[in-house]
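Q: Chain Y is fixed; fit chain H onto it per the hints.
Residue numbers (numbering that gives the first Met the number 0), protein chains in the order written: chain Y, 0 to 103; chain H, 0 to 103.
These aren't lab readings, by the way, just hints derived from the structure by calculation.
Careful, some of the hints might be misleading.
The list cannot tell twin chains apart, which means a pair is met if one copy fits it or any two copies do.
Claimed, not checked - Cut-off 20 Å, straight-line C-alpha distance, at most; resulting in silico cross-link-like pairs (EDC-like, lysine to aspartate or glutamate):
| no. | residue 1 | residue 2 |
| --- | --- | --- |
| 1 | K66 | D89 |
| 2 | K66 | E87 |
| 3 | K66 | D42 |
| 4 | K66 | D12 |
| 5 | K66 | E14 |
| 6 | K66 | D27 |
| 7 | K66 | D19 |
| 8 | K66 | D86 |
| 9 | K66 | E17 |
The residues making up each chain are set out below.
2 protein chains.
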Amino acid sequence: MPIGRWAPLSHPDVESVEVDDVLRALADPTRRQIIRLLLSDGDRPCGTFGLPVAASTLSHHFQTLRKAGILRQYDDGRQRMNTLRLDELDGRFPGLVSIVLAAG
Amino acid sequence: MPIGRWAPLSHPDVESVEVDDVLRALADPTRRQIIRLLLSDGDRPCGTFGLPVAASTLSHHFQTLRKAGILRQYDDGRQRMNTLRLDELDGRFPGLVSIVLAAG
Chain Y
0 MPIGRWAPLS HPDVESVEVD DVLRALADPT RRQIIRLLLS DGDRPCGTFG
50 LPVAASTLSH HFQTLRKAGI LRQYDDGRQR MNTLRLDELD GRFPGLVSIV
100 LAAG
Chain H
0 MPIGRWAPLS HPDVESVEVD DVLRALADPT RRQIIRLLLS DGDRPCGTFG
50 LPVAASTLSH HFQTLRKAGI LRQYDDGRQR MNTLRLDELD GRFPGLVSIV
100 LAAG
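Only chain Y is shown next, with the shape it has when bound in the complex:
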């Protein structure tokens, strides 16, 4: 994830997250796959997801998920790590992410 590696990362407060942004972020199979991998394996660096998309596309997906309040990113040495915010999000939109993941 070379672009913006050292840029400050903004994370919305969960109370300011809009359901429209969450739905649009979830409306993509690659982004849902990112969430599933984080759910099953825990925090992991951007470069380790093994998804068949270009690095720039993947970077955009992470950004979309971060701006929608679905995951948090932090830098650990040279790696940008990702961690889900599902507990927070579930407090605001109960059951939403789970039911979308179950849908496909």
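A: Frame of chain Y; chain H shown alone:
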């Protein structure tokens, strides 16, 4: 809804509806309001929703909901009517629409 009034209306088979399309269709407060009004009041013509958006915008919203398999449109005399397909959609994506409406 003057534009395309007499054009044939296509409705996807529920089995061919993709969750991405449903999520994108639901990611708009006006479209969710259309669904709520149909849920509470039953079938109604396009022109009777009383929503503060231009007719062309409203027409686009109905089209988006129709293409996502969320509602069915039919012509009744000079009126284009709308009816929800939530039973069908709930068979394919259980609980999805309800939980989104509950979210906001």
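Q: Quick one: K66 to D19, C-alpha cut-off 20 Å, is that within a copy, between copies, both, or neither?
A: Result: close both inside a copy and across copies, 12 Å intra and 19 Å inter.
Q: From the Cα coordinates, with 20 Å as the cut-off, is the pair K66 and E87 best called within, between, both, or neither?
A: The answer is within: 14 Å in one copy meets 20 Å, while 33 Å across copies does not.
Q: When Cα atoms must be at most 20 Å apart, do K66 and E17 count as within-copy, between-copy, both, or neither?
A: within (10 Å within a copy, 24 Å between copies)
Q: With 20 Å as the alpha-carbon cut-off, assign the pair K66 and D89 to within, between, both or neither.
A: within (16 Å within a copy, 29 Å between copies)
Q: For the identical chains here, do K66 and D27 meet the 20 Å Cα criterion within one copy, between copies, both, or neither?
A: both (15 Å within a copy, 17 Å between copies)
Q: Given a CA cutoff of 20 Å, do K66 and E14 count as a within-copy pair, a between-copy pair, both, or neither?
A: Only inside one copy: K66 and E14 sit 13 Å apart there, 32 Å across copies, limit 20 Å.
Q: Which holds for K66 with D12 at a C-alpha limit of 20 Å: within a copy, between copies, both or neither?
A: Intra 10 Å, inter 34 Å, cutoff 20 Å: intra-copy only.
Q: With identical chains, the pair K66 and D42 could be close in the same copy or across copies; at 20 Å between alpha carbons, which is it: within, between, both, or neither?
A: Answer is within: at 18 Å inside a copy they meet the 20 Å cutoff, but 37 Å across does not.
Q: Between the shortest in-copy and the shortest cross-copy C-alpha distance, which are at most 20 Å for K66 and D86: within, between, both, or neither?
A: within (16 Å within a copy, 33 Å between copies)
When the structure is compared with the earlier hints, no violation turns up for any of them.
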